[in-house]
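Fit chain B to the given chain A structure using the hints.
Number of protein chains: 2
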Amino acid sequence: MTTHLNAWQAIADKLKGIEIITESNQIAKLSLDYYHFSPILYEQLKDKRADLVVRPSNEAEVIKIAQLCYCHQVPLTVRGAGTGNYGQCIPLEAGIILDTTKMNQIHWLKPGMAAVEPGVKMAAFDKQAREIGWELRIAPSTYRTATIGGFIGGGSVGMGSITYGQLKERGNLQRVRLVTMTETPEVIELSGDEVQQVIHGYGTTGIITQLEIPLAPAYPWAEMIVIFDQFMSAAKFGQALSDSDGIVKKLVSIHAAPIPSYFTALQNYLPSGKHCALLMISEYDLAAMKALIAEYQGEITYCKKAKEIAGTSLLEFAWNHTTLHARSVDPNLTYLQTFYFTLERVEQMYQYFGDEVVIHLEFLKAGGKAVPAGLQLVRYTTATRLNQIIDYHEANGAFIANPHVYTIEAGGNKTIDHQKVQFKHKIDPCGLLNPGKMSGFSKLNLRN
Amino acid sequence: MTTHLNAWQAIADKLKGIEIITESNQIAKLSLDYYHFSPILYEQLKDKRADLVVRPSNEAEVIKIAQLCYCHQVPLTVRGAGTGNYGQCIPLEAGIILDTTKMNQIHWLKPGMAAVEPGVKMAAFDKQAREIGWELRIAPSTYRTATIGGFIGGGSVGMGSITYGQLKERGNLQRVRLVTMTETPEVIELSGDEVQQVIHGYGTTGIITQLEIPLAPAYPWAEMIVIFDQFMSAAKFGQALSDSDGIVKKLVSIHAAPIPSYFTALQNYLPSGKHCALLMISEYDLAAMKALIAEYQGEITYCKKAKEIAGTSLLEFAWNHTTLHARSVDPNLTYLQTFYFTLERVEQMYQYFGDEVVIHLEFLKAGGKAVPAGLQLVRYTTATRLNQIIDYHEANGAFIANPHVYTIEAGGNKTIDHQKVQFKHKIDPCGLLNPGKMSGFSKLNLRN
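Residue numbers (full-length UniProt numbering), protein chains in the order written: chain A, 1 to 448; chain B, 1 to 448.
In isolation and in its complexed conformation, chain A is listed as follows (with noise of 0.2 Å):
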């Protein structure tokens, strides 16, 4: 795959009329993401490079880019904000990577459903949503940054998930549409179950042009900082809050200390040694919340309504902005994602690792149920201890969706998706989209 520089040139010239970034140090920006939460991958992916980054405005230059790579068999990778954590768009093989930041249309916006292009970003987009009194279901803590297509193709979930559960819930996403890497690049559209073909699939499957997503009644949301004297009454009443049906919420983040201490701009709600929940309620249920606090002995802190909320919202807290900021503070940290299933599982880990690994949880609905789910920081020392903890965590039941590995199965559940594969073989027969990523296709080993 290796193209000469006047090959390149050729292929630019082709493009004429799309924009197209050559400049190295603009180049080495759009080929990387925040992969760099994970020691292992930064030794791995710091050195990957595109060749070229296309930035079309349309479908149709999406088409024209296609063919072309297609015609060159050149490696091309889709990028949207590169917001991700696990080189979900970092181009293993160089090559092109589509930059979909300027495909940032709303085609139509009505109560309930959206069609968007895959560049449009997401707090910009619920800013004109919400004037309709709608809002995304389900969005990362780098929601201001981060684009609708690009959280599709690599996200899974986020806030909203204590309400709409994972992306991949039926309903999550009602229509896509996408180019394919073929020799005449075809326009298809998919829906129903079909969806599932390009949901966290790394751009694999397809280079989406349209999404179709269903939206959520935009509430009034309160933010709300409750801090506890032990971690196990915080996990408690993160699970009893994600329990309480006839409270309306949209977060429920839970941190032992000494997360709380990396959060600087909140040290005045965060008193030292503190565990705590950073939470986003609707307005009208706050009433609700009083006695349900009380009930697990914490302590509000930190309440303000919508209207209220000047500054940073706490979503940019929660998720893996909590990685960011403990990061910031201490750069030998980094974290995994574990499904712990049962609150009885998150202590016997916090109990087992101590500061080794600081639990984080996130509540989401999966399978119709409240879980934890764990970002926890890991005090990193090496790759073979990273890997004893994460066998700990699995001999023991809980799931780790491995943030330490690039592609799809490795990250997820270690086996290989054959319908997605199957999928690829007919959209992208000779694997040129983001090569490498889908090890059902490339016949890679599923735990690397």
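Hint data in this document are derived by calculation from the structure and do not stem from the laboratory.
None of these values were measured; they are calculated from a predicted model.
It cannot be assumed that every hint is accurate.
Pairs involving identical chains hold if they fit within one copy or between any two copies, as the list cannot separate such chains.
[To be verified] Here are the simulated BS3-like pairs of lysine-lysine, each with C-alpha atoms no more than 25 Å apart in a straight line: (1) 369 - 290; (2) 16 - 414; (3) 64 - 16; (4) 290 - 168; (5) 110 - 290; (6) 168 - 369; (7) 168 - 426.
Showing chain B alone in chain A's frame:
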């Protein structure tokens, strides 16, 4: 408590300006509810009559009535539309019925919340609330005629419970205003956990004069009938749909054959011998339904979008309207109310009882989980046999909320709620409000 006719005349005279009903047919009608669903309650309650019905228009009139009742030590039983099924508003010790239907003002209606008088009819309320995009969170199948106050006082679940759980879930009632039955009646307000004192209290714990209720976003609800060859496929489908967090829903109602044959108006959509699901689903999530239905070998025979629904809603075939339709075909049928907790237990009972207990499930959220609740139809023979059926369920881990008894406790979990009793001692020290309904106060046997 026997008060002579001329004494009643004296009482009526003192209520001048307030609507009073003394005509005996009218009194008979307003003394009863749908208690006749139970052949046992029918025998026990059919002759119960109030001496007088009063129909106040506002809180000032309620205070006047309470004062007079206290002064003459006359029982007072509050009533909404009388759509309850366990004699909640039937006066065991005669006295006065306070009919709230003239207290039907909506004080205010804002996004997410409303303040209403107890006699506001639920469907009428929703008509107004939907104009600003909201609706009631939970409502019974008697939605068209039932009052909000009657539902809070006598109900517990209904359509919407698949999202918001039971009425008693924290958050489902914001604030309540009461008149006490004391020498000098007081007006008190309850909020937070204190509202539990009135929910499902049969009006024994104060006379509700105002309610502040949280609302739900008003989706356009599509209605759907799905038929199945196997009952357990229908039941499993109900659970899977209820657990699908990406599909917004309001009603998941499952009926074993021959129940569908009782739904005369729906016969075009219900082939003989099939089992069925009656559903209300957000129109925005209809596309996601197809694959789910196929997974359980279901067949859609009826699907109407909100605007296409001209006649009766499927709601009026679900919850206890199922029993109503069944009894209009076969008056020997009665029913039970059951928490099965698991589908395994549903199947066990389905196999064990055969035609004697035909299973009707309504899915609802309890403790954060979607559970199958039974309103199963029972082919009634004797009270002894009915109790055997109840005992068999309970011996096998199901929980029965017995609808063949008239006290709060016997119809609930058979334990005394000491907080409610204590509260009643404070606001109704002489036990004049709906006497005989709260075992803990009246020192009655907990199972009758």
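Here is how each hint holds up against the structure:
1. 369 - 290: both (23 Å within a copy, 23 Å between copies)
2. 16 - 414: neither (42 Å within a copy, 79 Å between copies)
3. 64 - 16: within (10 Å within a copy, 86 Å between copies)
4. 290 - 168: between (34 Å within a copy, 16 Å between copies)
5. 110 - 290: between (36 Å within a copy, 22 Å between copies)
6. 168 - 369: Both: 15 Å inside a copy, 20 Å across copies.
7. 168 - 426: Result: close within a single copy only, 22 Å intra versus 53 Å inter.
In this structure, only the earlier hint numbered 2 is contradicted, and the remaining ones agree with it.
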